[in-house]
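Chemist: The residues making up each chain are set out below.
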Amino acid sequence: MALLRIEAIRAGYGHGPDILNGLSLELEPNRIYCVIGPNGAGKSTLLRVIMGLLRPRAGRVWFNKEDITGLRPDQIVARGISYVPQDRSLFPDMTVWENLLMGGYLMRDPRALSRRVEEILELFPVLRKHRSRRAGLLSGGEQQMLAIGRALILRPALLLLDEPSLGLAPLVVEQVFEIIRQLKAMSLTVLLVEQNVRKGLECADWGYVLDQGCLRFEGPAKAILEEPRLVVTYFGQRRGHP
Amino acid sequence: MSLTAFIQILLLGLALGGIYALMAIGLSLTFGVMRILNLAHGAFMILAAYLAFWLFVRYRLDPLLSIPFMMGTLFAIGIILYRILFSRLAGRADYTHLTILLTFSLALILEGLMGYLWTGIYRAANPPYAARSYSFGPWYIPAGQLYAALTSLILLSILWLILYRTRFGRAVRATMQNRIAAQIVGVDVNGVSMITFGLGLALAGASGSLLSFLFPFFPSRHWQWIAILLALVVFGGLGSLPGTVMGAFTLAVISAYATTLAGPTWSSALFYLALFLTLLVRPQGLLGKGEAP
Chain P
0 MALLRIEAIR AGYGHGPDIL NGLSLELEPN RIYCVIGPNG AGKSTLLRVI MGLLRPRAGR
60 VWFNKEDITG LRPDQIVARG ISYVPQDRSL FPDMTVWENL LMGGYLMRDP RALSRRVEEI
120 LELFPVLRKH RSRRAGLLSG GEQQMLAIGR ALILRPALLL LDEPSLGLAP LVVEQVFEII
180 RQLKAMSLTV LLVEQNVRKG LECADWGYVL DQGCLRFEGP AKAILEEPRL VVTYFGQRRG
240 HP
Chain V
0 MSLTAFIQIL LLGLALGGIY ALMAIGLSLT FGVMRILNLA HGAFMILAAY LAFWLFVRYR
60 LDPLLSIPFM MGTLFAIGII LYRILFSRLA GRADYTHLTI LLTFSLALIL EGLMGYLWTG
120 IYRAANPPYA ARSYSFGPWY IPAGQLYAAL TSLILLSILW LILYRTRFGR AVRATMQNRI
180 AAQIVGVDVN GVSMITFGLG LALAGASGSL LSFLFPFFPS RHWQWIAILL ALVVFGGLGS
240 LPGTVMGAFT LAVISAYATT LAGPTWSSAL FYLALFLTLL VRPQGLLGKG EAP
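So the protein sequences, as listed, match chains P and V.
If you use numbering that gives the first Met the number 0, the first sequence closes out at 241, no skipped numbers anywhere.
If you use numbering that gives the first Met the number 0, the second sequence closes out at 292, no skipped numbers anywhere.
The reader is advised that the hints may include incorrect statements.
[As the list claims (entries may be wrong)] If you want a taste of the chain P side facing chain V, the calculated C-beta under 8 angstroms gives, among others:
hint	residue
1	Asn63
2	Ile67
3	Gly69
4	Leu70
5	Pro72
6	Asp73
7	Pro84
8	Leu105
9	Gly166
Hints are computed from structural coordinates only; laboratory data are not their basis.
The beta-carbon is built from N, C-alpha and C at its ideal position, and this holds for glycine as well.
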């Protein structure tokens, strides 16, 4: 049974053109999916629609057999979807600790929330080191860890990650992808949007190639990596080769 | 100037600052959370002042005691206005600009309505303490100003407790810092915005009760008030609540000294000069953080 089902979604901003043109896809539980495609293909827009930040012009979004189209973001979070946007969207004036607490805003029991925050600090030792530091003062990599950590507090079933490697040093990118691999062991489903095609597909089970708001290709991530036609067509150069 | 006079003026300036802070904090809160620059804030203060005035004249209800009633009424008005006027604009790119037009016309409508109902005559409530003052040693403070300043401090403390000690307060601060981030951790930002707008008007309501016996008023007086309040908020840093409180105290003290040293004509000139000079050096205001996200 599919965890998330997108049905013929059309979406765009303001009075602008459609960014997504009748896109459909399905996510099975406990897998990592990577969406790739050129700039403007609609990758980030797809995540915004799933999260309820952008209302689609047509089509439906189903999560766990429930129609969640048109629900508010806070209602969607409550149903088990978490989102890490491209700009990480932290609370810059709050400490690392307070940001993690905000991640559990929907939890009513403060003791259970403290325990969850502790679990996340286990998972990200670097956050424990900086727990009293203001989020705005962290390095890019630390901010990304905090954003992912905050998104995990509610133990979501589906995690949406938008360009987690953007603007990070290569060594830090490596750490971030290592964490994404660990998430799978926590029986999470991850929908990953990534410009770093090779890195993204290497850690994913399944790949989607998006172009101009339509699905051009889908298949096992390995197969896409080994399909020179796709890589050349959509990404110009074969990236990531030594 | 003798030390005694210096301290006397500082005292009066600080009392005025406390009152300014209460008047401006609602404006700052509304801008910080929703990016609504509420140009009708002063008009709502005058409306509340009229209500407090009539409650006092007709029913002998002390303006200080009318504060809870005024806050409740204005809170309800705020919720209704937000639902009818502002919620449908949410999410538009030109949101702040539209709210400026919207609240400007709201101010005009209120002014016209008040002029129609209550004419343009100067009004001021005169509860018994309006003419009294307390003296200690060589210094004095008018009882009305003392009570108003204490009331302001109490209300500001309650607001601080709400913002920093409650779940709703966390949601408000989160929304002020990053609206998207607040949404994706599960804050219903529309609900928070609606209640915060009501809270902003409730604070205008409390300010109006104080204004009714501190400063004479008439319907079009709100333009002068909104000019002062905007100056305070910009001076302290748009969207920063501690900045607004600091700005209120600083500018009130400056204008108190200006009044004594150079006469009341110069007071408001120096007030805006201080604002102008500060913005030259620090365009984001005292505690502002530059361009808001």
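Chemist: A separate judgement is required for each hint: does it hold in the structure or not?
Modeler: Right, here's what the structure says about each hint:
| no. | hint | in the structure |
| --- | --- | --- |
| 1 | Asn63 | 17 angstroms, violated |
| 2 | Ile67 | 14 angstroms, violated |
| 3 | Gly69 | 14 angstroms, violated |
| 4 | Leu70 | 11 angstroms, violated |
| 5 | Pro72 | 4 angstroms, holds |
| 6 | Asp73 | 4 angstroms, holds |
| 7 | Pro84 | 6 angstroms, holds |
| 8 | Leu105 | 4 angstroms, holds |
| 9 | Gly166 | 17 angstroms, violated |
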